[in-house]
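Both chains are given apart, each in its own frame, so use the hints to dock them into the complex.
These protein sequence lines are chains H and C, in that order.
Residue 50 is where the first sequence starts when you use this note's numbering, and the numbers rise one by one after that.
Residue 2 is where the second sequence starts when you use this note's numbering, and the numbers rise one by one after that.
In short, the hints are calculated from the structure, not lab data.
Do not rely on the hints blindly, as some may be mistaken.
To give a feel for the contact side, a few chain H residues facing chain C, derived at Cβ under 10 Å [as the list claims (entries may be wrong)]: (1) 156; (2) 162; (3) 178.
All C-beta atoms, glycine included, are put in the ideal place defined by N, C-alpha and C.
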Amino acid sequence: MNSQLTAEILSLSWEHLQMVLITIAIAIAVALPGGIVLARRPKARRVALSVASIAQTIPSLALFGFLVPLPFIGGIGPHTAIVALCLYALLPILRNTLLGITGVDQGVRESAVAMGMTERQVLWQVELPLAVPSIVAGLRIATVATIGTATIAAAIGGGGLGVFIFRGISMVDTPTVLAGALPAAMMAVVADEGLEWIERKLSPA
Amino acid sequence: MPPPPILEIRNLSCSFGSRTILRDVSLTVSEGETVVLLGRSGSGKTTLLKAVNGLVQPSAGAIHFEGKPSTEWDPIRLRRRMGYVIQDAGLFPHWTVEANVGLVPRLENWAPDKIAERVRFLLDAVGLAPAEFRHRYPRQLSGGQKQRVGIARALAADPPLLLFDEPFGALDPITRFELQRHFLELRNTVRKTALFVTHDVREALMLASRIALLKDGALDLLLPPREFLAARTPEATAFLASLQDRGSSSGSEAIG
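Looking at chain C on its own, in the form it has when it is part of the complex (with noise of 0.2 Å):
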């Protein structure tokens, strides 16, 4: 049998004023699978994200999350089941790599000595080393370092789902493949369930249990990794003629 689903989406439509973003879309991500949704940009793909932890009114359709529809859920409840990651990490410039680690755990009133053993454990599970890292200030980590911490935040309360906008967008090739890589690690061994996107098919070819292409806010495709590079919809084949492009000029890293 398989697992249940963690998210259902059923006919999601999204408008704002006369612009319709999302048209219709049917999603389910089960237990401990990654999906992720690839698209150009404007393809409604982080629309989709942000309306999953209420930070975008649906006009039509339901979101289930643990089998409660949406509208039931006390948003605030909900953003703490959820960890989410955006793509320069967003983290509080304020707060020390430990503080913004341990927030959800904080707000959710953790002893702090709970709290504080739980981002020693984070930071060690992201790369970090965390006595020299805990005291340190957004600041003064490098990119890459940044993502680290903000995934490492996204984990902390050990959300069911974790949602993901582009977290290496803006690193570069080597800092992203190390990333890339350290997620897969990540995932075999916490077993996270993640909702993903990117625009960059290389990366979804990597990381997805099944890829669910958007194309101007309708699913094109939803497929495992596998079957997609077979697939020819337009839009499929363009994502994966620029792969070859890609690989051609690059010829650097295998796919998939």
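This is chain H alone, in the form it adopts within the complex (with noise of 0.2 Å):
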């Protein structure tokens, strides 16, 4: 393997990390919130979820497609791939938040609110901590999922480990193609046992 492939391995794996990143960092900060909300409210939360599933079942190189002509949001570049990697990532953290907070045994809900809790101390020390694994699966699930499908975004300039990928298909190169598909699987089983380490560790007792 010559030096120039190595360096340019690297910095496109570097590149498709941000663009996970920045993607889950995003998804995080409005769905976790967004599950803590709608965790109180069932009708929204119907709303919301079946939403976030039509999202999720728009084919992904379509979804690069239809987000190329938007203002803003669109045009060609990491940022519009990072959009619609977003919208794939909310479905599971809003859904394993909401899972794990609605989830939590009503005789303990009831225990804390009839022993004199506020509605945020409810929240804070017992469903969050008790919702805490459920959500870091949902993370996971995300996290994975956000991975392999970021390699899409070089089809619109996203620039990441698809560069080789889409390269090599051009090309009829399989070695090219797996420059890119061999670094993004490995990225994802390391983030997927990461994950299930600390999914184990914040486990309650």
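Structure (structure tokens):
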């Protein structure tokens, strides 16, 4: 393997990772508070979950294509890709936050309220700690999926490891495809294992 | 002179939509007594208990706690002055026994060493060796032990009134009997006032100072256990008949 290729793999991997990290950060910032708010509102919850599920069903290549002509959020480049990736990452985090909070044993919740905890104390001291494993599990699903889907960002000039994949496809050159696919797969495995470890560590008792 | 009532329920009614759960219930609980709310499933006894600590809003009538109408109480303050024990204890699974028992004192900002001392005292009082149980998590406890922790938690901030919602309902008969006995001992030592929900007439006769029999959301009878045994309303007769059946089939412990 020549050093030029190695350098390119490293720099595209870094681009890829940045795209994933920014996406996940935004998705957490939206879905986590969103899930907390929606946990108390069953009607709004159904609407939000179906909207997020519908976003999930749009084929990713098509979604990237739809976004390109849009003003502000669209155009060519990584930011458009991040918008699309966020749409996909929202649902798992939102759904698992909701599941985690609403899945807290009713007797436990009732005791908390009946013992004189305020709504805020119930949320921070009881519901959220008990929801953490579920939230991290959602984060794990979102992260692994984002690492994979982010390879398509190259189609709209977003960069990342997809650059190798698209280049390899157009040149009908498998080693070039693998130069993108293997690092992406490794990244996904490491993220999966790492988050699973965190999930176990944070499981209450 | 009789002790002043800690809790006074006046003409309380509760409806959800078109369903009436409680009809015109009046009841007082005086200091030191245990009033048992006895009734079938759906008789409204749990709803009455929840109305007392504001988990359920009454549609008519009034509740006075320590002489003050519940509408004038801050619900958080009100609840912290009432211990609450439910069927499967409702312990917080992510907290140790010590953290569970110390909940209300912590919410009330007691000093940590004072909380630790109180927890030790209470675990002793409910028959759990503090050194052994303090650092355990609820999943490491048996059903009876969980319920003991639940009772210790309810007693933690020394509330003037304890609310029990079928606390021993899910336990095996032997453990239940042990805990009932312990409840009586505890009541004699700490002299607590309690409102206790059950569907078990034997438990009611064993623990009650007075039994409030609820039928379809209305108060059918309010009598001390001895007089309850002689009561002749259809609902009381039905409950007492279940007692005789059970007595003859198991032929075990004495009643009342």
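Self-check item: Interface hint for residue 156 of chain H, Cβ within 10 Å of any Cβ on chain C
Solution: holds, 4 Å
Quiz item: Would the hint on residue 178 of chain H stand, with a C-beta cut-off of 10 Å toward chain C?
Solution: With Cβ-Cβ at 5 Å, under 10 Å, it holds.
Self-check item: Given hint residue 162 of chain H near chain C, where the shortest CB pair must fall under 10 Å
Solution: Since chain C brings a Cβ to about 7 Å from residue 162 of chain H, closer than 10 Å, the hint holds.
Checked against the numbered hints listed earlier, the structure breaks none of them; every hint is satisfied.
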